[in-house]
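Trainee: So you can see what is in the structure, the chains are spelled out below.
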Amino acid sequence: MAIVFEKTKGLTDVQTHYCPGCTHGIIHRIVAEAMEELGVLEKAIGVAPVGCAVLAYNYFNCDMHEAAHGRAPAVATGIKRVLPDNFVFAYQGDGDLASIGTAEIVHAAHRGERISSIFVNNAIYGMTGGQMAPTTLVGQKATTAPYGRDEALCGKPIRMSEMLATIDGAKFVERVSVNSPANVRKAKKAILECFKIQIEGKGFGIVEVLSTCPTNWGYTPVEALRWLENNMIPYYPLGNFKRPEEGK
Amino acid sequence: MSKVLMKGNEAVGAAAIKAGCRFFFGYPITPQNEIPEYMSRELPKVGGVFVQAESEIAAINMVYGAAGCGARVMTSSSSPGIALKQEGISYIAGAELPCLIVNMMRGGPGLGGIQPSQTDYFQATRGGGNGDYRLLVLAPANIQEMVDLIIEGFDLADEYRNPVMILGDGMIGQMMEPVEFKERKKRDLPEKDWITTGTKGKRKPNIINSLYLNPEELEDHNIWLQEKYKKMKEKEVRVESYNVEDSDVVISAYGTTARIARTAISKLEKEGYKVGLIRPISLFPYPFEEFNKIKDDCKGVLTVEMNTGQMLDDVRIALNGRIPSYFYGRTGGMVPTPEAIANKVREILGGEK
Ligand SMILES: Cc1ncc(C[n+]2csc(CCOP(=O)(O)OP(=O)(O)O)c2C)c(N)n1
Ligand code: SF4
Ligand SMILES: [Mg+2]
Numbered sequence: 084m085a086i087v088f089e090k091t092k093g094l095t096d097v098q099t100h101y102c103p104g105c106t107h108g109i110i111h112r113i114v115a116e117a118m119e120e121l122g123v124l125e126k127a128i129g130v131a132p133v134g135c136a137v138l139a140y141n142y143f144n145c146d147m148h149e150a151a152h153g154r155a156p157a158v159a160t161g162i163k164r165v166l167p168d169n170f171v172f173a174y175q176g177d178g179d180l181a182s183i184g185t186a187e188i189v190h191a192a193h194r195g196e197r198i199s200s201i202f203v204n205n206a207i208y209g210m211t212g213g214q215m216a217p218t219t220l221v222g223q224k225a226t227t228a229p230y231g232r233d234e235a236l237c238g239k240p241i242r243m244s245e246m247l248a249t250i251d252g253a254k255f256v257e258r259v260s261v262n263s264p265a266n267v268r269k270a271k272k273a274i275l276e277c278f279k280i281q282i283e284g285k286g287f288g289i290v291e292v293l294s295t296c297p298t299n300w301g302y303t304p305v306e307a308l309r310w311l312e313n314n315m316i317p318y319y320p321l322g323n324f325k326r327p328e329e330g331k
Numbered sequence: 112m113s114k115v116l117m118k119g120n121e122a123v124g125a126a127a128i129k130a131g132c133r134f135f136f137g138y139p140i141t142p143q144n145e146i147p148e149y150m151s152r153e154l155p156k157v158g159g160v161f162v163q164a165e166s167e168i169a170a171i172n173m174v175y176g177a178a179g180c181g182a183r184v185m186t187s188s189s190s191p192g193i194a195l196k197q198e199g200i201s202y203i204a205g206a207e208l209p210c211l212i213v214n215m216m217r218g219g220p221g222l223g224g225i226q227p228s229q230t231d232y233f234q235a236t237r238g239g240g241n242g243d244y245r246l247l248v249l250a251p252a253n254i255q256e257m258v259d260l261i262i263e264g265f266d267l268a269d270e271y272r273n274p275v276m277i278l279g280d281g282m283i284g285q286m287m288e289p290v291e292f293k294e295r296k297k298r299d300l301p302e303k304d305w306i307t308t309g310t311k312g313k314r315k316p317n318i319i320n321s322l323y324l325n326p327e328e329l330e331d332h333n334i335w336l337q338e339k340y341k342k343m344k345e346k347e348v349r350v351e352s353y354n355v356e357d358s359d360v361v362i363s364a365y366g367t368t369a370r371i372a373r374t375a376i377s378k379l380e381k382e383g384y385k386v387g388l389i390r391p392i393s394l395f396p397y398p399f400e401e402f403n404k405i406k407d408d409c410k411g412v413l414t415v416e417m418n419t420g421q422m423l424d425d426v427r428i429a430l431n432g433r434i435p436s437y438f439y440g441r442t443g444g445m446v447p448t449p450e451a452i453a454n455k456v457r458e459i460l461g462g463e464k
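These protein sequences, in sequence, are chains A and B. Using this note's numbering, the letters of the first sequence correspond one by one to residues 84 to 331. Using this note's numbering, the letters of the second sequence correspond one by one to residues 112 to 464.
These are computed hints drawn from the structure, not numbers from a lab. Treat the hints loosely; a few may be bogus.
Stated by the list, open to error - Below are the EDC-like pairs computed for lysine to aspartate or glutamate, each with C-alpha atoms no more than 16 Å apart in a straight line:
(1) B:LYS311 x A:ASP168
(2) B:LYS311 x A:GLU125
(3) B:LYS385 x B:GLU458
(4) B:LYS313 x A:GLU234
(5) B:LYS311 x A:GLU119
(6) B:LYS385 x B:GLU463
(7) B:LYS114 x B:GLU294
(8) B:LYS406 x B:ASP359
(9) B:LYS381 x B:GLU463
(10) A:LYS224 x A:GLU234
(11) B:LYS385 x B:GLU356
(12) A:LYS285 x A:GLU328
(13) A:LYS126 x A:GLU283
(14) B:LYS315 x A:GLU125
(15) B:LYS315 x A:ASP96
What you are looking at is a predicted structure, and each value in this text was computed from that prediction instead of being measured.
With the hints as extra help, turn the sequences into a complete structure.
Mentor: If you want it as structure tokens, here you go:
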């Protein structure tokens with residue numbers, strides 16, 4: 084019988100712990116497929132965050148480190164400096180990357196570390212039970228913003244991709260979403276391009292992926308996809324912010 | 112090999128490179144800046160890598176990444192910076208990674224001052240960060256000893272898969288002394304089959320991790336760590352002693368403070384006093400048993416530190432009430448004088464020789 088679909092070799096057979104309808108799983112899959120397609124799985128070293136993806140070290144089928152909250156880009160720096168010919172990626176949530184770990188991500192980009200960053204923005208602290216993140220939308224309720232995020236007290240949500248794109252060492256910056264099959268395909272394309280930046284030794288690359296958290300948003304999986312489309316995408320525009328110019 | 116005159120902090124760098132360290136991640140802070148400066152100058156010459164991190168937090172997490180890939184790796188800082196590194200040190204101890212950390216202590220708390228002190232004894236010997244872990248803590252009293260301990264320290268880190276801390280003070284970092292870089296004995300070190308270098312399609316993935324969500328597993332992990340620390344206590348105690356058995360007062364001091372105490376002892380001996388010295392070189396594991404050699408009718412053990420009494424706790428544990436315990440300390444960057452220490456001893460003996 085002809086094989087029409089095979090699970091990527093980039094993921095282990097371990098069943099993930101993600102909630103039903105959570106898009107962390109989709110993101111894992113396209114990251115893993117990208118590594119497999121680029122032939123880098125056997126020399127890949129990944130860094131898992133603290134957040135819902137903390138157990139990613141059990142899911143990606145390659146060598147892994149589990150980093151402290153927010154420090155994945157520093158850990159990835161240490162790895163890449165020792166093993167410059169290996170493929171090194173970090174996978175982080177928005178609390179991890181855009182709050183406690185802002186210094187680490189900004190300076191990894193600033194040094195032009197030849198690593199790839201997957202930034203999963205679900206506008207909330209998923210793992211700890213739905214507290215406000217720096218990325219939580221104005222008016223969006225969270226357990227530590229029970230009346231909705233108040234711009235006067237908390238500021239507006241931070242747009243990391245736009246900020247990182249201003250840094251010279253960041254060579255590839257793109258925001259994608261996984262709320263529809265078409266967007267999943269685009270997300271994978273961006274991740275492939277981002278990974279190639281590292282493989283070609285061009286510098287730092289990051290893909291921000293808008294992701295759902297049905298559990299803490301308080302929606303069904305389908306409602307959550309719709310909420311992402313109607314509320315997150317207008318504030319966090321999809322698209323490429325930076326890629327190396329032709330021939331460079 | 113001949114001796115060369117070197118500043119303490121530069122000797123740290125030279126010893127590390129001699130020991131095969133090729134990766135350094137650090138952040139500037141006085142009084143240890145000569146270490147990162149030396150490494151930034153010398154590592155590229157031997158194919159090594161120096162990174163000035165954005166903070167001490169980042170630096171120690173880079174060490175975590177590098178150590179997980181099997182590199183001989185080091186970071187250095189001084190007290191406020193070492194405080195920031197505690198998160199990473201705890202993860203490194205939990206994930207059982209080898210590395211070397213140098214603390215050239217300065218006065219605290221807070222920003223404190225930039226003069227020498229020994230106020231991080233508790234932090235260094237009790238774990239410092241979260242969780243029930245220990246570092247191997249070595250406290251040199253002169254530059255030659257520091258060089259030797261660093262070279263050996265990298266081997267100890269590999270042997271135990273544990274972070275090793277060299278606990279110095281501003282004084283030892285800044286002074287100059289002749290040193291010799293001896294050829295080190297090759298140790299039989301365990302093979303690093305746990306490191307992440309890519310599976311190359313030949314083995315299952317390796318994972319560097321300190322998370323155990325299952326409490327039974329985490330308890331087992333902690334029991335294993337304690338077994339490792341027990342082995343250190345059996346095998347790695349280092350101490351230098353002088354006239355411990357029949358002295359009327361025994362001084363206990365480590366690092367540069369022990370040198371000052373030694374000067375005080377010479378002075379007192381000329382006056383006819385019998386004074387001994389216990390100088391712990393390993394602060395963890397602590398040389399508790401050495402104190403058992405002190406005679407029962409010894410008038411007192413005087414602990415001297417550049418703090419308000421931290422190692423004092425360990426001395427009291429060692430004495431267990433058998434002999435009176437006294438303390439003399441200066442703090443804030445003030446250094447005890449030999450005369451002040453001698454006075455304290457005369458006071459304990461009430462003029463009796
Ligand atoms: C130093 C430290 N502070 C706080 C925590 C608790 N904590 C665990 S996960 C998390 C937030 C994670 O949120 P995010 O990065 O957005 O990931 P998500 O779970 O949403 O995927 C926090 C605050 C921790 N583990 N360590
Ligand atoms: S809490 Fe949210 S982010 Fe975490 S697994 Fe569940 S749905 Fe996903
Ligand atoms: Mg989140």
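Trainee: Checking each numbered hint in turn, tell me which of them this model violates, lowest number first.
Mentor: 4
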